[in-house]
Amino acid sequence: MAGFPILSVILALPVIGAIACLLTNAKGARWVALITTLVTLALCAGLWLNFEVGGPQWQFAENVPLFGRYFSWALGIDGIALMLIMLTAFLMPICIAASWEAIQARVPEYMACFLIMETLMLGVFMAQDIFLFYVLFESTLVPMYLIIGIWGGAERIYAAYKFFLYTLLGSVLMLIAMLWMVNYAHTTSIPDLLVTDFPPEAQTWLFLAFLASFAVKLPMWPVHTWLPDAHVQAPTAGSVILAGVLLKLGGYGFVRFSLPMFPDASAQLQWLMFGLSMVAVVYTSLVALVQEDMKKLIAYSSVAHMAFVTAGYFSFSRQGIDGALIVMLSHGLVSGALFLIVGVVYDRLHTREIAKYGGLSNNMPGYALVFMLFTMAAVGLPGTSGFVGEFLALVGTYQSSSWAAFIVTTGIILGAAYMLLLYWHMAFGTARTAEAAALPDLSLREWAIFAPLAAVVLWMGIYPESFLAPMRDDVAALVERIETAAPAGDAQVTPASPAAAPATHDGEGTH
Amino acid sequence: MLAHDLLIVLPEEVLTLSALALMLVAAWAGDRAAKLSSWLAVLAFVIAALVLPGIVDPGDTAFSGMFAGDSFAAFSKVVIYAAAAASLLAAIGWFGRAGDLRAELPVLVLLASVGMGIMVSATDLLTLYVGLELQNLALYVLAAFRRDDTRSAEAGLKYFVLSALASGLVLYGISLLYGFTGSTLFSQVAAGIAGGLSTGELFGLVFLLAGLAFKISAVPFHMWAPDVYQGAPTPISAFFATAPKLAAMALIARVLVEATGPATASWQQMVIFMALASTILGGVAAIAQKNIKRLLAYSSINNVGFALVGLAAGTPEGISSVLFYMTVYIVMTFGAFLIVLRMRDQDGRPVETIASLRGLSRTRPWLAFGMMIFMFSLAGIPPLFGFWPKFVVFNAAVAADLAWLAAVAIATSVISAFYYIMIVKTMFFDEPAPAYGPTRDPVTAALVVGAALFVSPLGYLSIGPLDHAATIAADALFPAQG
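Those sequence lines, one after another, are chains A and B. Quick note on numbering that gives the first Met the number 0: the first sequence kicks off at 0 and runs consecutively. Quick note on numbering that gives the first Met the number 0: the second sequence kicks off at 0 and runs consecutively.
So that you can see chain A by itself, here it is in the shape it has in the complex:
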């Protein structure tokens, strides 16, 4: 494999598929897109199998100075990127399959947008040059704008504008910060920048500039308001990509840039990050409780889950960061699945209003079962992926701040409340409308969509080691980089105290 530009090949594949889609008709485009995404998934799986756990930090590296003196085509992945690449590649064929019948208008363009999107998202995780990262990061706006605007719901135009301008405004300041950093460090290589010590007084500004971008993307309270609009109006597969991968770009940005590059600023602004996380968990969970639109409810729950991610990251502890990463992976799968669940009934009844449904467990038992599984995963039931991530993130947070941990934990209770409420209204009781009572159960295609998702959610819940192992060294390196700056926790542990014992166990990860 040495010397073979496997990452470039993976990036080129969906682009070629996209061009092929544009040249065929609707039926051809669907098959081209499905085959392309499946081949990409196979190649990414190959990456995982060939990834040397415990090997060098950056693997499969490529570097071609294509773009003058400014930046180069530098790719390479570590374990964290690998896991997010897997998530992306895994969700894409599912998205294509979910759009198989739901999208009837302008299919070739739709499939092309999704394939371009895949290249851009994979590229963001692979980029080893800071400007290449920025270019790809920003580029995702274009296809997503089109996906929301062309194939979205009734209010799609407003949602598309809001999505585009909000995220653009967030990211532009990051570019200036990047320019400053490159002028200071005289390198655009991310691995080199990771070990550059920026002056502490500049770090705060740089951190805030990056925060503006990642906070919008993630999204964090109070800049999350674009998300419910975008989610609700986007077509089902668009919501899956938004929740599954696009939000993770923000989370990836924090762990790749903000924490290791600006450790001092991260420590100084820990209160801000914790504060925003706490507000986000409580506020957005309460908002989710009163939603009447299914997609909106899930969108708000996304914001709440992402607050676990920020709380975990900024705990400066190994468990916290491990947990945050697992929450990202798990949320990518679970919220994606929940949007698909909504999509199933929306395709049949064309309404997202919870009050129009009810009693679906009677006429759609298979659907109710799948729905149940993902509801439980979203709540964080042990045995599902949601539990592992949330538990680790909370353990990490607790080491740093008991109050933050206490308040963020209420998110689990509130999460259970709104998810179970949703499930109750949808699946139990009697049907509120005659149409809802007549809905047919899942088709074979829909089973094929949910089966792999369910399998991975359980796999991650039962044996998370598979997912933690590739990331372990990278998280260790990150923790080592930031621990000198780590603020003191408020736990006041004494070595002899039995209370400290569980913490050391957790340090080995979950077994």
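Keep in mind that the hints were calculated from the coordinates and are not lab data. Ideal placement from N, C-alpha and C gives every residue a C-beta, glycine not left out. Heads up, a few of these hints could be off.
Claimed, not checked - If you want a taste of the chain B side facing chain A, the calculated C-beta under 8 Å gives, among others:
no., residue
1, I380
2, P381
3, V413
4, A416
5, F428
6, A432
7, L460
Here the structure of chain A is known, so what remains is to put chain B in place on it, guided by the hints.
For chain B alone, coordinates are given in the frame of chain A:
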């Protein structure tokens, strides 16, 4: 010595002689020869570009230092000639359709280009003025080229009156600078103000800069641009938005660096003000536009503001970023205008409303796709190439310790992104309006494809050579570093 001087201005001689010859052809054969003349003019541009001094060699000055044929001038002239030639090609098809392509058109474009060539080469305030006026005189006539169209005549008149005012300002500024420094040569002016800027010199600088800002339509001297762009025939608007913009921008860069370089701190504030005012007003005022040509006029105001950010840096890197910016901007804007040229209703009449673009992605998918590329590119959204010129100007500003300026300017770019994506929305999200009539014009189609490929992500591959050329060109203005 004279032979040497004449060799330096060889491109101008080629263009002038071609213009005179084509004038005779026009007098002899009338409008029948218009198409042939236009192609011959394009050929003249190619020849002129081939004999440019300063491309492979460092170039030299002529006429006792009043005219520079250096790399900076060479870079600007290549772009100017290319833009002028492309505008002519676009004009052939557009005017030819209505049957009012007249033989004077190539002559005027050639003369305007000679003027622009002199502008970018001027190293003396009087050479500057001669070049400026030669360009302006040709452009007044071009703006009013459709004699039977009142809007076109109005555009010509408006342009003439306001431009004459600006020329007056420039002349007054020149006279002040000359009076206080004792010379019109840029190098002597710089030597005169090296010890500090006196009040008179400062006034001279302000008037000069104000007059020149009119030519690039920077706020607050931008009022003419939307009216003239809207009124002038579309290929002429495309010409206005491209070559003269670069010529005036290059002229400003040379004046500021070579003549008033010692007073950088004084003009930097003015440039920063114009930059921010242009990006903001160019963004806000465009939102309410209904006419696509007016919108593109505001877009040009907006873009000039970003180029000025690079100029404000005042460093070789900043000047090189300005050249880079204007080059890519010209391709993007020209591409957008080429699409506008194809907006005709079923009867072949030109349409200019934005509303007529509704649903273009259904009726003419490739046309809509091209327009989308140009719009996102003008908005500076990666991965389109329009992002990169913004990147280089901001990079230059940050390197010159103007990070705050870069931050404010980039934030204003979000405002302008709104109206660009509004066009995309109109074409892709809205229900179709009546389809445009067919256009058959392989030459402009090839130009559109070429421009679209350049602003597509493939354009990033040209960063290396383009940046190299722009850097050499910019270094020519800074003899100490060069």
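Structure-based check of each hint:
no. : hint : verdict
1   : I380 : holds (6 Å)
2   : P381 : holds (4 Å)
3   : V413 : holds (5 Å)
4   : A416 : holds (6 Å)
5   : F428 : holds (4 Å)
6   : A432 : violated (16 Å)
7   : L460 : holds (6 Å)
Violation of the numbered hints given earlier is confined to hint 6; every other hint is satisfied by the structure.
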